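Asks: Okay, here's what each chain looks like letter by letter:
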Amino acid sequence: MAEHEACYVFTPDDSIGQAPRPSKRRKTARATKPNTQLEVLPFVPLLRGVETPGCTKARADSFEAAWRPKEALIDKSIHDANLDTVREVASFIRGNSAPESSRKIRTGLLVAGPDNGASIDLFDSIVESVNEDERAILINLSSGQCPNLKTVLKYMSQHATSRPLGADEDTANDGGKYARQLNYDLQILYDHVQNHAISKVIVSFQDSEAFEGKLLAELIDVFSSWNDRIPFVVLFSVATSVGLFQGKLSRATIRHLEGAEFKVERVSIEEIFKTISSKESTLWLGAGLSNLILQRQKDHIQSPYALSQTLKYAYMTHFFANPLSITLNDDPTHVPLQEVHYEAVRNLPSFRSHVQRLIEERDYDTVRDLLDDDENLSELMMNKLKSTRKALEELVLAVEALYRTQSSPTCKKSIAWSEMYVQAMSGELFQSTLFEEILNSVKKLPSDIMHDLLHDLAGIFHHEGLEKVIIDLDKLTSSLDDPEVPLRSQYDVHHETLRTTVIAQKVSLGKNTSTLSAQDAAYTKIVDRTFSELQKKFRWALINPQNLFLNEALIYDSKSPHREVFTPRPRFAIERALSSPHDYLGCECCGGAESGLSDTQPATAILYQLCLESGSVINTADLWSAFWTIVGTEGSKDEEVERERVLALFSRALAELKYMGMIKNSMKKADHLVKLSWRGL
Amino acid sequence: METGYPPHGGMPLFSPFKRHVISLTVLKQKYAKPSAATNCLSGNRFIILRVQKKKQRTSPATEPELSSRLQSLVQAEEAKWYGLERIKWEQSGGRQGGEEETQVDEGRSTRKRTRAGQPNGVSNHNEDETEPSPEAETPVKPTPRRGRPPGSTQKPKSVANGIDSQPNSVITPSKLKGKKLFLTPSKPLAGDKGQDEAPVVQNLDRSARRKSARTLIDRTAVDGFSDEEDIEEEEEEEEEEEEEDLLAKKIWDADEAESDDEQDQGEDELAAESPTPATPSKRKRGRQKSLQHRHRIFLVTSSTSGKIYHNQISTYEDPHESSYDFLHSLHSRSFPQWRFELSQSFNICLYGYGSKRKLVTSFASHLHTLTPSAPPKILIVNGYTPTLTLRQLLTTLATLIFDCTTPLHPDLTTSSSIPSTPHRSGAPQLPPLLAQLAANTHIHLLATCDTPNFPLLWDTALRDQYNFLFHDTTTIISYADTEIPSAIDSVNELLGRSGRSIKGKEGVGFVLRSLPENARNLYRVLIAELLAAMDEDGGGGGEGQAVVEYKVLYQKVVEEFICSNEMGFRQLLREFYDHQMIVSRKDGMGVPWRRKEMEAILEDLVE
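Chains A and B supply the protein sequences, listed in that same order.
Numbering-wise (the UniProt record's numbering), the first sequence opens with residue 1 and increments by one.
Numbering-wise (the UniProt record's numbering), the second sequence opens with residue 1 and increments by one.
With the rest of the complex left out, here is chain A:
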């Protein structure tokens, strides 16, 4: 009944899925028994369903607790990023620089880069900002809605007048007035502007490049002729560059415009990534997953918003599927763990390695306690969770410190923060050449930069040795005769000169370190100390997080749902389902033949494979005979009936292939099909 309607409101009674329902429920009957709780719980009980609703709820709560602050931070950074742009553009719109005589339309060109997904928000916030002290209306145009001039003008009038502007809306009056006008007459807009004392009509073009040049020219022409009555301001969101966009418009059109270019600041991927992993984290993303996310961001152009959604999904997955995520709840009143949780902990690799360590230390009693006594384990977990979290925080701080350090002028190599984070999370950063290089570059710093750097680092983490060094350095520099001239250590290139000697017609190059002044020598000592302190600090901080106890609960590093969920391969899935349906069906009948045809496979799969083997133009009769050969059981009693049966299957399969867009009718030859999809291309 309703099923064949194009759209209808679903009511459970007419659902076809009702019949199998009860049996399915019974299967998970134990888990779903507290049905009332499930209503409120977004999560399902884990650990084979024995998790209590309390724990399940606790997990859901910890997800909220963990993610919401992060989300707010990310949103804020996204929002703040283009705050300046918004302000600039708003003041440009408000401004009234040009004299009345020059009837040029004020035009803002917003260079937003390739991703214009957020431009609507941008326009909205611009208008909001403009609206603070005058009345402006915004009309958003996107190329899809604007096939021709008439439609655009109609749309503009409709759009502008349909927006409720205030309480003094007098629609009845307006309606009578418009009756005599054509609906694409800008007079309507003009009247509206007059009635509501609108001071600016902002027309924004979301995807300016996609508009037809001719249409734009016409539109601008119309605008400029109405410009003396309707205060137009045009905003173009440009994805490429102003120059390219300008090429679209004729000179005559450009003459109507008075443009200004604005660069839309975008929050960088790095910024968001840093936010998610540094500030007050409860969950850290592992190296593999981070890499995956960053790679995806690089490969596909995506908005910062998309990145934040990806990160959110990581949080969601962790709390949804990891029963131990319950331990991340800082809430002191949190639900006590169940036995199964402890059992789960005892199965963790990190627990095993911990026990291994204890055994090596011959601390058998503790091991026994940990294995037998939940209390004991709980205590250990409490302590270790804290220390693990601390260690991870230190790790991120160390990455931050190292990142600062590499920004010093003597370091030639530099990598992104996120990349460094990935390396650190995989535990490779400390041994990497990059690390060495960065630390070596510290040695070459002159005293003034060193001073700044050390203060920077001290702000990032507390390290006693480092603080002492700072005090010493301050002492040294304050005793200088000329504070303007920085001290240089012996590693500094300034202290090396190249000496060329010619001996027996051979030129030999030699490096010579010039003699150091006493102060420089003292400074060199300080530099040496700094170096060793930093190294010590980093060695301590840049551990391999995989070795930490309970890292499974604190670090989320599973690629599996992410890859499928965000970068699906629908084509591959369909191809696989059709070319080897056994993979999905798991039946006994089709499994035998390795990637071959068999008569038990679904008809569409057989036909698809036959199509794959053929050329680009397929004769239907051939296809049919091949199909008949495979599916038809020759020599059955009633061949006529058999043929009909197979033909019905054949027709259905053909129709399905067509539905999926794999074949189409060939216009050139009768009864021939054109293949539209090849496998694996």
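It should be emphasised that the hints constitute simulated quantities derived from the structure, not laboratory data.
Quick caveat, the model's predicted, so the values are computed rather than measured.
Cβ coordinates follow ideal geometry from the N, Cα and C atoms, glycine included.
A couple of the hints might just be wrong.
Unchecked claim - Here chain B is said to cover these stretches of chain A; the calculated rule only asks that three of the stretch's residues, wherever they fall, bring their Cβ under 8 Å from a Cβ of chain B:
{"id": "1", "region": "310-321"}
{"id": "2", "region": "557-571"}
{"id": "3", "region": "578-588"}
{"id": "4", "region": "647-658"}
With chain A's structure known, arrange chain B on it following the hints.
Replies: Below, chain B alone, put in the same frame as chain A:
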């Protein structure tokens, strides 16, 4: 006759009916080199391989040596079939009488060839196909040298009548179409591996494609289990008499070909009236002609099946029903996950092969059962419905939203199939609109996508708005029950027989009866002219080949006072065109009927 086929040729064909052809193909390849084959076959000649199944004739074994070699080869090839294919040969073999004759003929020398013997000393073989000898079970690896560089030698130009008599062309019927068009399951032949590895490339290769098309046609021409196909027209003529009974039984392909060949119009009658649904494997030679046969063959089958289809499908029991259920239960395990994802303002997109309707519906009822007290409002949109309009969607949505009193904004879950068609044509605003809806935090969208490349349709902005999470939900349930409204219509459309077109004589009669007198007269003149044209040029056109020039027709019409000016003439033609009763070709007008139908129509009109 395709000899210069790419080297990978000679794979066993997918159809067991073509077994003999295959063996001969291999045979031919074996002897493709002059040293082997042509020596034996007395020179660089044109060979006709004839395959006869029904009639057992004794064949004079002129060259015992070759004969035995051929036989062993054939057996080996058969063994391959038995071993790898698991396609039942026995039945077909049995039905065909068990014994086959392979006649290798020397075309050039024998116009007068008789059926039984080959005058030029070409060997015949008797092989017992029904019983593969046990030792034949071991598959014989084909020698890698069987192929020839594509297009090297003896590439046939066309398969028009009598072309076979070209010297130097070794006729192996159907040699490779099998391979090219349908790689048979028994692909593991070692020798062919190399070529098979890049089928895509090959397919894309233009010349290969052209060739494949040609082979296809050639195959049409020669192979098939309707045995008496022949190569030379004359031969056919000769054989016609003696084989007529057989032909009648064996359906009409042979005579059809003959009728096409203009040899015998009378035979056509027989063909058309033959009640047998077309057996696909009848092939005739001659490209154009065979194509048309095929066309008709399939037309007959599909049109008859229209009524039967529903009965058949409704009684059909899918052996994989339990597997579908298993897949369904597998997917439905993630319902809570989906719910959570939706609640976190993500939207979900389900992809994969198979109708997802049942899954979506049971997800909807899952949501209902979770909160029976305050069920979510669920709107289901069947995007595959061709008549779906934006307005319809929005009004239904609006009723949902405004129905609800508290809270102000309901949690709304929309399920929809996003199919290809409305997306591509009809409603360009639909995707942006859906995306806008989906971006609303109070509206959740669960979309299903059936086409393989759907994400390509969305740009980044759209994708951002959709904020989809993708889940592979392959169900393998046929689309035909729900998403495809009428499979038969769909197939007809696919084959270029649009549902609108009126069918055959009755349809034309019906349309003509409803038209004014002068329109009927015009059509009569048109048909008469076409028939005359056919007679003139020797009946070259089987179906719709003959044309009448526009001017000529107009002149005729004016002469007969059917219409007085060109405007009226055009109007009348327009009517016919709308009903697809005429087709325009580059040099004039034709009708999409076969000669016989035309004659019948003409008769009706004259009466």
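Asks: Look at each hint and say if it fits the structure.
Replies: Against the structure, the hints come out as follows:
no. : hint    : verdict
1   : 310-321 : holds (count 4)
2   : 557-571 : holds (count 6)
3   : 578-588 : holds (count 6)
4   : 647-658 : holds (count 9)
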